[in-house]
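**Student:** Residues per chain, in single letters:
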Amino acid sequence: MNVTVIRTGLSNLGSMVRALEECGAAVRVAEKAGDLDDAARVVLPGVGAFPEAMARLERDGFADALREHARRERPLLGVCLGMQLLADEGEEMGGAKGLGLVPGKVVALKVAEAGERLPHMGWNDVRPRGRSPLMRDTPDGGDFYFVHSYHFVPDDPADIAATTPYCGGFVSIVARGATFGAQFHPEKSSRAGARLLANFLAA
Amino acid sequence: MLKTRVIPTLLMRDGALVKGVGFESWRGVGGAMQGVKVFNARDVDELVLLDIGATPQGGEPDWMTLEDLARECFVPLTIGGGVRSIAHFERLLEIGADKVAVNSAAYESPHLIEEAARRFGVQCVVASIDVRRDGDGRATCVSGCGAQSRAIDPAAWAREVEQRGAGEILLTRVEYDGAMTGYDCDLIRAVSEAVSAPVIASGGAGRYEHMAEALAAGASAVAAGAMFQFTQATPAEAKAFLAARGVRVRRSAGPGLVR
Chain E
38 MNVTVIRTGL SNLGSMVRAL EECGAAVRVA EKAGDLDDAA RVVLPGVGAF
88 PEAMARLERD GFADALREHA RRERPLLGVC LGMQLLADEG EEMGGAKGLG
138 LVPGKVVALK VAEAGERLPH MGWNDVRPRG RSPLMRDTPD GGDFYFVHSY
188 HFVPDDPADI AATTPYCGGF VSIVARGATF GAQFHPEKSS RAGARLLANF
238 LAA
Chain Z
-14 MLKTRVIPTL LMRDGALVKG VGFESWRGVG GAMQGVKVFN ARDVDELVLL
36 DIGATPQGGE PDWMTLEDLA RECFVPLTIG GGVRSIAHFE RLLEIGADKV
86 AVNSAAYESP HLIEEAARRF GVQCVVASID VRRDGDGRAT CVSGCGAQSR
136 AIDPAAWARE VEQRGAGEIL LTRVEYDGAM TGYDCDLIRA VSEAVSAPVI
186 ASGGAGRYEH MAEALAAGAS AVAAGAMFQF TQATPAEAKA FLAARGVRVR
236 RSAGPGLVR
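Line by line, the protein sequences are chains E and Z.
38 is the number of the first residue of the first sequence in the numbering used here; add one for each residue after it.
-14 is the number of the first residue of the second sequence in the numbering used here; add one for each residue after it.
A few of these clues could be false.
To be verified - Quick list of simulated restraints, FRET-style, between CB atoms:
| no. | chain 1 | residue 1 | chain 2 | residue 2 | range |
| --- | --- | --- | --- | --- | --- |
| 1 | Z | Arg233 | E | Ala239 | 46 to 54 Å |
| 2 | Z | Glu45 | E | Glu110 | 41 to 49 Å |
| 3 | Z | Ser10 | E | Lys69 | 24 to 32 Å |
| 4 | E | Val66 | Z | Glu45 | 50 to 58 Å |
| 5 | Z | Ala141 | E | Ala151 | 22 to 30 Å |
| 6 | E | Glu110 | Z | Pro41 | 23 to 31 Å |
| 7 | E | Glu59 | Z | Ser94 | 35 to 43 Å |
| 8 | Z | Pro41 | E | Glu153 | 35 to 43 Å |
| 9 | E | Ala215 | Z | Ala201 | 45 to 53 Å |
FYI, nobody ran anything at the bench for these hints, they're computed from the structure.
We put the CB at the ideal spot given by N, CA and C, even for glycine.
For reference, chain Z alone in the conformation it holds in the complex:
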């Protein structure tokens, strides 16, 4: 059976890993290479690596750093941040990304998703959707590391990007990111019901129970950043917790050929 994925998220800026709360107050949490190596050695299900500096700084993906990181990663790797063109897709896949996440560019040139899906297949096009809620609780998509409102409902946007060719949705509730108080399960439910592609819940994981809640709300996979960086929690323990509650997870393989 298909296993539920537990995915560490690494946020990178200027080649170092950072973590904030609500997409603010960023602080360094170590070297990016160290992070990739640690999670690779732990045989995680998948890694998401987002260069959060690329779009706000108006730059390209940090090719050299990303290539070095991808070389050390023998588990599935999604790379995002500053992806604006088919050439970016092609190069990221070539250096070792398995999937490419698009956020800002999806709003500005939606045809990018269609074209990427046509060339590379929907399975490697991940739509990263960042969401804030206003005082009335209304959810709105934002981009540019949370800075720019896109004035569109997340479920509607998820449906549109799926129709255009996104094969997966990485759904992040901005205010909850790094807060470790639980995912936005209403958001997860609304988006999961709107699309048939898998939805990765992101933003808010602080305890293993939170992951079970997100899955119950319809997520196909759960991502966590701060929880794996600032607490004793590990992806393996998270999966053991979920397995005990009847969630099908992948057992990490025993010692073998690859580190």
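Chain E with its partners taken away, still in its complex shape:
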């Protein structure tokens, strides 16, 4: 199972590569946009702020390469900020355009219940909606690890593959064709996360 992970210069690249290797994948790190030309499947990892990350993807040519990858219907997994970058736009830090691969916007989480703190940080439920291939055989009740302050609001409810109960509920997995996004960090979600990554590698 080959997988290409994009080096954005802003991500927890090491964690992602190690987790994928642990799932049995042969991992290649894409240093430049051309490295995506023949990539079977791509992971866009994410730690960082939306505008800075998007500016880097555009500058390095990764943005167009990712759009081409998605156009060819090859599997793509955006993680955390990587998921948010799939959107049309994000409002973080003054706002910026996204990759536009899953229609929708990224907006700030807002406290809905007393006791909720922001950022949303820690382990929380991921409740699949419908049959999400990414969530196949994940341990029942297995939590996933989140660290984020913004969330993805898809235009098309059909793109919602899972939700998480915090701040009134937000979308924790999007899926549109072969393009997936996970708001949590599967690479840091222990066994449940490894299962999800293995599911992506089988996609």
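On the provided structure of chain E, position chain Z as indicated by the hints.
**Tutor:** Structure of chain Z alone, referenced to chain E:
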């Protein structure tokens, strides 16, 4: 629902794990790799790894050791100690940290927090705040492994670093660290009320009851070092104890793909 985290803290100096009492009398408690592997195998909620030698020795983070340790860690990892620049942030994230803790540098160059938050997002910027109390019980921030007074109230400082972009506060009562006699719940309450970011209570855990007390005082997560190193206590048991008292905790996943 969001689960309450129980977080083992590993303190590292010269590549080995150490533990002291009140940030003094450090003694070795084994190899750092062993510690990371054990807690990873126990599927803990998160790990905090602080290189306490880096700032006092005026050095950089111990890159080689940290990279080796991060490679073995499949749970969320916060790394701190000697972090002074954006380049340090970038490199720590790249080698496998999920969050980066800043302590001394936050006082000396507060813009570091703003810049790190702008580039990497607030969610990976942890402000580590060490606190001592004087004879009158007044709390003051200290840094440099407790050596240097910063003459600022912890709640005020927590508010400031949150405004600058810290997404989490790691709050340690220095004198209680390693003492295993309970957290400083008044401190936890004051800081938790001052900020909206999650506060990790640190310093003083000796029994599971202490963790329940810290959570009742407003902490979002509880960290423990000595308790997990010197007693039979385990993070899993701590969570079972808390769950029995109505605290929502994460069940460790069953056997699966990853060690």
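**Student:** Evaluate each hint against the coordinates.
**Tutor:** Hint check results:
no.: 1; hint: Z:Arg233 x E:Ala239: 46 to 54 Å; in the structure: violated, 32 Å
no.: 2; hint: Z:Glu45 x E:Glu110: 41 to 49 Å; in the structure: holds, 45 Å
no.: 3; hint: Z:Ser10 x E:Lys69: 24 to 32 Å; in the structure: violated, 52 Å
no.: 4; hint: E:Val66 x Z:Glu45: 50 to 58 Å; in the structure: violated, 24 Å
no.: 5; hint: Z:Ala141 x E:Ala151: 22 to 30 Å; in the structure: holds, 24 Å
no.: 6; hint: E:Glu110 x Z:Pro41: 23 to 31 Å; in the structure: violated, 55 Å
no.: 7; hint: E:Glu59 x Z:Ser94: 35 to 43 Å; in the structure: holds, 37 Å
no.: 8; hint: Z:Pro41 x E:Glu153: 35 to 43 Å; in the structure: holds, 38 Å
no.: 9; hint: E:Ala215 x Z:Ala201: 45 to 53 Å; in the structure: holds, 47 Å
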